[in-house]
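*Asks:* From just these sequences and the hints, can you work out the full model?
Numbering (my numbering), first residue to last: 21 to 306.
No wet-lab data here; the hints were simulated from the structure. Among the hints, a few may not be true.
Straight-line distance between alpha carbons at most 20 angstroms, and here's what the computed SDA-like set of lysine to any residue pairs gives [claimed, not checked]:
| no. | residue 1 | residue 2 |
| --- | --- | --- |
| 1 | 45 | 81 |
| 2 | 169 | 303 |
| 3 | 109 | 129 |
| 4 | 50 | 36 |
| 5 | 259 | 172 |
| 6 | 173 | 249 |
| 7 | 144 | 36 |
| 8 | 38 | 59 |
| 9 | 71 | 129 |
| 10 | 65 | 172 |
| 11 | 39 | 172 |
| 12 | 237 | 196 |
| 13 | 180 | 99 |
| 14 | 65 | 145 |
| 15 | 297 | 47 |
| 16 | 260 | 246 |
| 17 | 173 | 38 |
| 18 | 260 | 196 |
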Amino acid sequence: MIKSMTGFGKSILQLPTKKITIEVKSLNSKNLDLNARIPSQYREKELEMRKTIAQALERGKVDFSLYVEVTAEENSTKINEDIVKDYIKQLESIHNSGEKLEMMKMAVRMPDALKTERAEVDEKEFEAIKEGLLEALEAIESYRLDEGKALEKDFVTRIKNIGDLLEKVIAIDPERIEVVRERLHKAVSELKEQVDENRFEQELVYYLEKFDITEEKVRLANHLDYFTTTLNSKDSNGKKLGFITQEIGREINTIGSKSNYAPMQQLVVQMKDELEKIKEQLLNIL
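*Replies:* Here it is in structure tokens:
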């Protein structure tokens with residue numbers, strides 16, 4: 021079972037005085053890169069929310085947003101009564117006009133006449149926010165699983181394609197060896213020199229051994245099986261699958277460098293093409 025790192029989750033909370041919208045979006049990344057956009061009054065709870073997100077998502081470039089819309093009358097700005105009364109008293113001592121309303125208008129414009137009280141996060145409200153965050157994370161988890169299933173189908177198809185191409189390589193390998201042998205015989209005959217047949221056969225065997233791909237064929241088949249086994253394991257492990265594709269690529273490249281035979285080299289090119297498409301998609305796997 022594999023998961024994609026791409027996903028989106030959202031939840032909306034309707035509280036008595038507020039509407040709170042929580043959104044979590046993730047893209048692929050080597051590590052967890054979490055960016056949080058939340059109102060200042062919730063900053064004291066940011067670390068707790070970050071920890072919850074990190075435990076749920078593990079890896080990815082994550083954007084977490086918390087939007088608050090006040091839906092009922094709520095005012096955190098208060099008149100500093102003592103200071104305003106003192107301002108009025110001072111103004112009256114300067115100019116006793118008797119216009120209390122005018123004095124009031126002037127006083128409230130003075131420094132510190134108004135005070136903004138820092139709103140404390142209500143624990144019941146934060147409990148609701150945590151539940152909303154978990155709901156958004158469940159949605160993104162479902163999204164990641166669905167994306168993972170689609171990618172898994174693609175991986176299975178491409179690994180099978182590489183396996184089928186490997187079977188073709190195995191099938192034409194005896195023909196390749198014979199072609200190489202004939203090529204060497206022809207090259208020697210064109211020299212018009214007398215050669216020791218026994219010595220020639222020894223050199224020929226040595227030369228052909230350098231082009232032998234038996235071990236590469238076995239290792240490549242094993243790596244393909246291991247990739248499929250890992251793909252079907254309980255945990256999603258994109259990094260491990262990436263390491264296996266490196267080994268697959270190493271064997272394919274070695275077969276290509278040893279083949280010295282155009283039909284086999286064409287099969288190797290096709291295998292490389294399938295492997296590159298797997299590598300591109302693996303960047304999205306958790």
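*Asks:* Does each hint hold? Answer for all of them.
*Replies:* Each hint tested on the structure:
no., hint, verdict
1, 45 with 81, "holds, 8 angstroms"
2, 169 with 303, "holds, 15 angstroms"
3, 109 with 129, "holds, 15 angstroms"
4, 50 with 36, "violated, 41 angstroms"
5, 259 with 172, "holds, 15 angstroms"
6, 173 with 249, "holds, 14 angstroms"
7, 144 with 36, "holds, 12 angstroms"
8, 38 with 59, "holds, 13 angstroms"
9, 71 with 129, "violated, 44 angstroms"
10, 65 with 172, "violated, 38 angstroms"
11, 39 with 172, "violated, 39 angstroms"
12, 237 with 196, "holds, 14 angstroms"
13, 180 with 99, "violated, 74 angstroms"
14, 65 with 145, "holds, 12 angstroms"
15, 297 with 47, "holds, 19 angstroms"
16, 260 with 246, "holds, 10 angstroms"
17, 173 with 38, "violated, 44 angstroms"
18, 260 with 196, "violated, 35 angstroms"
When the structure is compared with the earlier hints, violations turn up for hints 4, 9, 10, 11, 13, 17 and 18 and for no others.
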